[in-house]
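Numbering of the sequence shown is given in the working numbering, commencing with residue 2 and proceeding in unit increments.
Please keep in mind that the hints were generated in silico from the structure rather than gathered at the bench. Here a beta-carbon is modelled for each residue, glycine too, at the ideal position from N, C-alpha and C. A few of these clues could be false.
[Said to hold, decoys possible] Pairs of lysine to any residue residues, derived as SDA-like cross-links and limited to a Cα-Cα distance of at most 20 Å, are as follows:
| id | residue 1 | residue 2 |
| --- | --- | --- |
| 1 | Lys100 | Arg160 |
| 2 | Lys100 | Trp162 |
| 3 | Lys100 | Leu53 |
| 4 | Lys100 | Pro158 |
| 5 | Lys100 | Leu168 |
| 6 | Lys100 | Ala163 |
| 7 | Lys100 | Leu90 |
| 8 | Lys100 | Gly166 |
[As the list claims (entries may be wrong)] So the derived label-pair ranges between C-beta atoms look like this:
| id | residue 1 | residue 2 | range |
| --- | --- | --- | --- |
| 9 | Ala183 | Pro36 | 41 to 51 Å |
| 10 | Pro36 | Gly167 | 28 to 38 Å |
| 11 | Leu75 | Arg160 | 34 to 44 Å |
| 12 | Leu89 | Phe13 | 13 to 23 Å |
| 13 | Phe182 | Asn12 | 42 to 52 Å |
| 14 | Phe79 | Ser176 | 20 to 30 Å |
| 15 | Ser25 | Leu171 | 36 to 46 Å |
| 16 | Ile72 | Gly170 | 34 to 44 Å |
| 17 | Leu75 | Glu26 | 35 to 45 Å |
| 18 | Leu94 | Glu9 | 20 to 30 Å |
| 19 | Ala163 | Leu138 | 15 to 25 Å |
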Amino acid sequence: MRERFSFEPRNFFLDAWSLLRWPSEFFARLEPDGPLTPPTVHIALCALAAGLVDTAMMILGLQEGTGSVVINLLTIIFFPPFLVAYVLLMSLLYHGFCKLLGGYGTWRASYRALSALCVTTPLGLVAGRFDALWLPLLGYWFYLLLQATVGIHAVRPRRAWAAFGGLYGLLLLASLIVRVFA
2 MRERFSFEPR
12 NFFLDAWSLL
22 RWPSEFFARL
32 EPDGPLTPPT
42 VHIALCALAA
52 GLVDTAMMIL
62 GLQEGTGSVV
72 INLLTIIFFP
82 PFLVAYVLLM
92 SLLYHGFCKL
102 LGGYGTWRAS
112 YRALSALCVT
122 TPLGLVAGRF
132 DALWLPLLGY
142 WFYLLLQATV
152 GIHAVRPRRA
162 WAAFGGLYGL
172 LLLASLIVRV
182 FA
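Between the sequences and the hints, there should be enough to build the whole structure, so can you do that?
In structure tokens:
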């Protein structure tokens with residue numbers, strides 16, 4: 002593995018693989034207070050990849066609904082700025098949550114960590130089409146977020162496991178209730 006993680010577009014797939022395969026090492030190598038432009042470009046690339054995956058799924062007939070190719074192509078155009086705005090908002094909430102857990106990182110570190118997690122966006126689109134896949138993927142996403150919290154914000158692992166395990170448990174319970182009563 003490389004010395005430091007960078008948000009360089011040429012390393013997009015290698016960095017995504019590193020995050021998904023070795024998350025604790027990945028977040029240990031993530032520079033917490035680097036510039037904001039490279040992670041913002043990374044978010045846009047992840048959104049572009051998600052839009053392409055969504056369009057491919059529509060063309061292959063794996064996507065339900067009445068969407069057209071034109072709508073999906075417009076999604077490719079408009080989803081990147083939407084995802085950037087969403088990650089900005091979520092990084093503020095995540096940063097506050099990490100501070101409540103006793104974390105020491107900066108908001109910039111929170112933004113950079115969440116932007117790295119955007120590589121799961123195309124996977125989430127695929128998993129969302131198959132009911133049995135989205136809960137395990139969500140669980141893994143919480144695990145990645147936990148690793149970011151420990152690696153970037155220096156939150157004690159037990160505290161992070163309790164917080165994110167509890168949140169995931171609540172989501173599982175809510176999903177079960179919806180399935181039973183829907």
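Results for each hint:
1. Lys100 x Arg160: Roughly 12 Å between the alpha carbons, so the hint for Lys100 and Arg160 holds.
2. Lys100 x Trp162: Status holds; Cα separation ~15 Å.
3. Lys100 x Leu53: Measuring from Cα to Cα gives roughly 36 Å; hence the hint is violated.
4. Lys100 x Pro158: Given pair Lys100, Pro158 holds - Cα atoms ~14 Å apart, limit 20 Å.
5. Lys100 x Leu168: holds (16 Å)
6. Lys100 x Ala163: holds (15 Å)
7. Lys100 x Leu90: Status holds; Cα separation ~16 Å.
8. Lys100 x Gly166: Since the Cα atoms of Lys100 and Gly166 sit roughly 18 Å apart, the hinted pair holds (cutoff 20 Å).
9. Ala183 x Pro36: 41 to 51 Å: holds (45 Å)
10. Pro36 x Gly167: 28 to 38 Å: Because 34 Å falls inside the window, the suggested range holds.
11. Leu75 x Arg160: 34 to 44 Å: holds (43 Å)
12. Leu89 x Phe13: 13 to 23 Å: holds (20 Å)
13. Phe182 x Asn12: 42 to 52 Å: holds (46 Å)
14. Phe79 x Ser176: 20 to 30 Å: Cβ of Phe79 to Cβ of Ser176: about 29 Å, so the range 20 to 30 Å holds.
15. Ser25 x Leu171: 36 to 46 Å: With a Cβ separation near 24 Å, Ser25 and Leu171 fall outside 36 to 46 Å, so the hint is violated.
16. Ile72 x Gly170: 34 to 44 Å: holds (36 Å)
17. Leu75 x Glu26: 35 to 45 Å: holds (38 Å)
18. Leu94 x Glu9: 20 to 30 Å: holds (28 Å)
19. Ala163 x Leu138: 15 to 25 Å: holds (22 Å)
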